[in-house]
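K.L.:
Here is how the chains run, residue by residue.
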Amino acid sequence: MAAGMIFHTRDLDRWIDRCHPLSKLALLLVYCIAVNIASPVYALVLSLALAAACTVRRIPLAQYVHDGPVFAVLAVFIMASELLQGSGIFISTVETLRFAMSLLASLAFIDCTSIDDLASALGRLLHPVLGRHACSFASAVQLTLSMIPMIFDTAMNISQARKARGASFLRHPVRSTGELTVSLVSQLLDGVSDRADALIARSYDPYRLQNVQGPGAGDIPLLAILAAITGGLLWTSGL
Amino acid sequence: MQDLLSVENLSLKLGDRRILSSVSFTLERGDFAVLCGRNGAGKSQLLRALKGLIQPDSGRIVLDGVDLTKNRRERLKRMALVFQDAQLQFVGETVEKDIAFGPLNLGWSREEVESVREEVIAVMELDKVRRQRPASLSGGEKRRLTIAGVLAMRPDIIFLDEPFSALDYPSTRLVLSSLVRLHQEGHTILVVSHEVEKFLRHTTKVLIMNSGHMCGQYRPEESLDELRRADVYVPSLPLEDFSWLQA
Ligand SMILES: Nc1ncnc2c1ncn2[C@@H]1O[C@H](COP(=O)(O)OP(=O)(O)O)[C@@H](O)[C@H]1O
Ligand SMILES: [Mg+2]
Numbered sequence: 000m001a002a003g004m005i006f007h008t009r010d011l012d013r014w015i016d017r018c019h020p021l022s023k024l025a026l027l028l029v030y031c032i033a034v035n036i037a038s039p040v041y042a043l044v045l046s047l048a049l050a051a052a053c054t055v056r057r058i059p060l061a062q063y064v065h066d067g068p069v070f071a072v073l074a075v076f077i078m079a080s081e082l083l084q085g086s087g088i089f090i091s092t093v094e095t096l097r098f099a100m101s102l103l104a105s106l107a108f109i110d111c112t113s114i115d116d117l118a119s120a121l122g123r124l125l126h127p128v129l130g131r132h133a134c135s136f137a138s139a140v141q142l143t144l145s146m147i148p149m150i151f152d153t154a155m156n157i158s159q160a161r162k163a164r165g166a167s168f169l170r171h172p173v174r175s176t177g178e179l180t181v182s183l184v185s186q187l188l189d190g191v192s193d194r195a196d197a198l199i200a201r202s203y204d205p206y207r208l209q210n211v212q213g214p215g216a217g218d219i220p221l222l223a224i225l226a227a228i229t230g231g232l233l234w235t236s237g238l
Numbered sequence: 000m001q002d003l004l005s006v007e008n009l010s011l012k013l014g015d016r017r018i019l020s021s022v023s024f025t026l027e028r029g030d031f032a033v034l035c036g037r038n039g040a041g042k043s044q045l046l047r048a049l050k051g052l053i054q055p056d057s058g059r060i061v062l063d064g065v066d067l068t069k070n071r072r073e074r075l076k077r078m079a080l081v082f083q084d085a086q087l088q089f090v091g092e093t094v095e096k097d098i099a100f101g102p103l104n105l106g107w108s109r110e111e112v113e114s115v116r117e118e119v120i121a122v123m124e125l126d127k128v129r130r131q132r133p134a135s136l137s138g139g140e141k142r143r144l145t146i147a148g149v150l151a152m153r154p155d156i157i158f159l160d161e162p163f164s165a166l167d168y169p170s171t172r173l174v175l176s177s178l179v180r181l182h183q184e185g186h187t188i189l190v191v192s193h194e195v196e197k198f199l200r201h202t203t204k205v206l207i208m209n210s211g212h213m214c215g216q217y218r219p220e221e222s223l224d225e226l227r228r229a230d231v232y233v234p235s236l237p238l239e240d241f242s243w244l245q246a
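Residue numbers (numbering that gives the first Met the number 0), protein chains in the order written: chain Z, 0 to 238; chain H, 0 to 246.
Please keep in mind that the hints were generated in silico from the structure rather than gathered at the bench.
This one's a predicted model, so the numbers in the text were calculated from it and none came from an experiment.
Be a bit skeptical, because a hint or two may be false.
[Stated by the list, open to error] Subject to a maximum C-alpha distance of 20 Å in a straight line, what follows is the list of computed DMTMM-like cross-link-like pairs (lysine to aspartate or glutamate):
1. H:69 <-> H:56
2. H:12 <-> Z:196
3. H:76 <-> Z:193
4. H:76 <-> Z:196
5. H:76 <-> Z:204
6. H:204 <-> H:63
7. H:69 <-> Z:196
[To be verified] Negatives, chain Z to chain H, calculated, CB over 10 Å:
8. 50
9. 111
10. 161
11. 180
12. 229
[Claimed, not checked] Computed footprint of chain Z on chain H; a stretch qualifies when at least three of its residues, placed anywhere within it, have a C-beta under 8 Å from a C-beta of chain Z:
13. 74-81
14. 100-109
15. 145-159
Using N, Cα and C, we set each Cβ at its ideal position, and we do this for glycine too.
My request is simple: use the sequences and hints to build the entire structure.
P.N.:
Below, the structure is given as structure tokens:
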């Protein structure tokens, strides 16, 4: 479900998959900032460009929509609140689009970036400044992110187990939330300690500097796109 | 012949509870041993203490003639433990990365890591799924991947905690045949399992535990009555038929 969507990382060997994770992260950040502060017209252009790129790259959009109805609900919510503020249909659509495109960009990023590689690259980047703390920072990022599927799975299991025993969330929302939280935390603690054992058993060392491939020629188009987006943003905002 | 692993009077308390009481046994190089005992006998905790995930209160753990009781790091490196719950042990995004995880942590060179990875993928028959996510594998493949993950670290001994639990007949056979192959290649293996009818014929030694005590170590052919006495299910068959690898 949600975990499947977020940690989907298809192991493909496209050009974008081989780019350096930090170039991709930089592009993601610049894109999200641009799409959110750009003029409505430029935001539309950026949206179309991303949609086209995702289509060409065959990002499994339908699956994302199917897996993440919560995001669709959020989008509707944003649209409705803009309309209620009397923003007019065009502006409301653009605002919703900004949100949707930030989301889509993140999904596209996750689709082509391995979390391990990203964390290792961050560790490498920060290593000259922070020394071994950079490695432990990278390990923390990696471990935290790898924990998210476990949180989803555990929450899902608990809620299904409760349903199977006839618990109804709607009848006792407050009590249910309390009980859910207690079960979730205690099961997660067990899970975390088991996971720590598994890591120790494989001689895991959070202070080890991990090997990553440096950026290469394949990153040049990516950086060109980044420059183009920034240029367009400066130009349309009249600087 | 000198014993590869010699455990002497190992005791362990968790909180107020006595989990292991003066447990002693030995494994020779190349042994394929099975450890039986009721639920709660302390088998899993014994493996965790040997491996170095918990420190025993007293006793000695001697590996290849060297006392490693105090040297937890060395034990972690040289003894492999495959946990009962396969799901918990996956640390890599793909099968390949998961297998390389341990060797990379041991600081091996890229070439060494790649060569051991290929070797282990071949031995555990994981070639078809090498690029898949561990979570997407079948039960039997998951179990073989957990074995592959520790095998890649070239341990002296491999402990497996209930490796056949929740596996169907074909998966059990695949896991069992990999274990038998590892044994033939000279690996030393200790399997915790009460399902002796599935593989007793292939073993070289039987250990029986009961509520924290080691009741004894036996040769497989002399173990059947002892196993029955320990409430293990033992069918009335000749020892040759205690194997799911036949036909
Ligand atoms: N963290 C713990 N604290 C206290 N007692 C424990 C803990 N974990 C397990 N035990 C107890 O230790 C005993 C042995 O457990 P275990 O080794 O898991 O048995 P098994 O032989 O079934 O693998 C059991 O009685 C169990 O209740
Ligand atoms: Mg157990």
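K.L.:
For every hint, state whether the structure bears it out.
P.N.:
So, going through the hints one by one against the coordinates:
Distance check on the hinted pair: residue 69 of chain H and residue 56 of chain H sit about 11 Å apart at the alpha-carbon level, within 20 Å; holds. For the given pair, residue 12 of chain H sits about 19 Å from residue 196 of chain Z by alpha-carbon distance, which is consistent with the 20 Å threshold. A C-alpha spacing of about 18 Å is found between residue 76 of chain H and residue 193 of chain Z, which places the hinted pair at or below 20 Å, so the restraint holds. A hinted pair counts as satisfied when its Cα atoms are at most 20 Å apart, and residue 76 of chain H with residue 196 of chain Z qualifies at roughly 13 Å.
Distance hint between residue 76 of chain H and residue 204 of chain Z is fulfilled; the C-alpha atoms sit about 12 Å from each other, no more than 20 Å. Under the criterion of a C-alpha separation no larger than 20 Å, the hint pairing residue 204 of chain H with residue 63 of chain H is consistent with the structure, at around 18 Å. Note on residue 69 of chain H and residue 196 of chain Z: the hinted pairing holds, with a Cα-Cα distance of about 19 Å set against a maximum of 20 Å. Every Cβ of chain H is farther than 10 Å from the Cβ of residue 50 of chain Z; the closest lies at roughly 27 Å, confirming the non-interface assignment.
Every C-beta of chain H lies more than 10 Å from that of residue 111 of chain Z, the closest at about 13 Å, which supports listing it as non-interface. The non-interface label for residue 161 of chain Z is consistent with chain H: the shortest C-beta to C-beta separation is roughly 21 Å, beyond 10 Å. With 10 Å as the threshold on Cβ separation, the claim that residue 180 of chain Z sits away from chain H holds: the shortest Cβ distance comes to roughly 23 Å. Non-interface call for residue 229 of chain Z relative to chain H: holds, since the shortest CB-CB distance, roughly 32 Å, exceeds 10 Å.
Figure legend: the region 74-81 of chain H, annotated as covered by chain Z; annotation consistent (4 residues with Cβ-Cβ distances under 8 Å, at least 3 required). For the region 100-109 of chain H, the proposed coverage by chain Z is satisfied: 7 residues have a C-beta within less than 8 Å of a C-beta in that chain, meeting the threshold of three. Remark: the region 145-159 of chain H is confirmed as covered by chain Z, as 3 of its residues place a Cβ nearer than 8 Å to a Cβ of that chain, reaching the required three.
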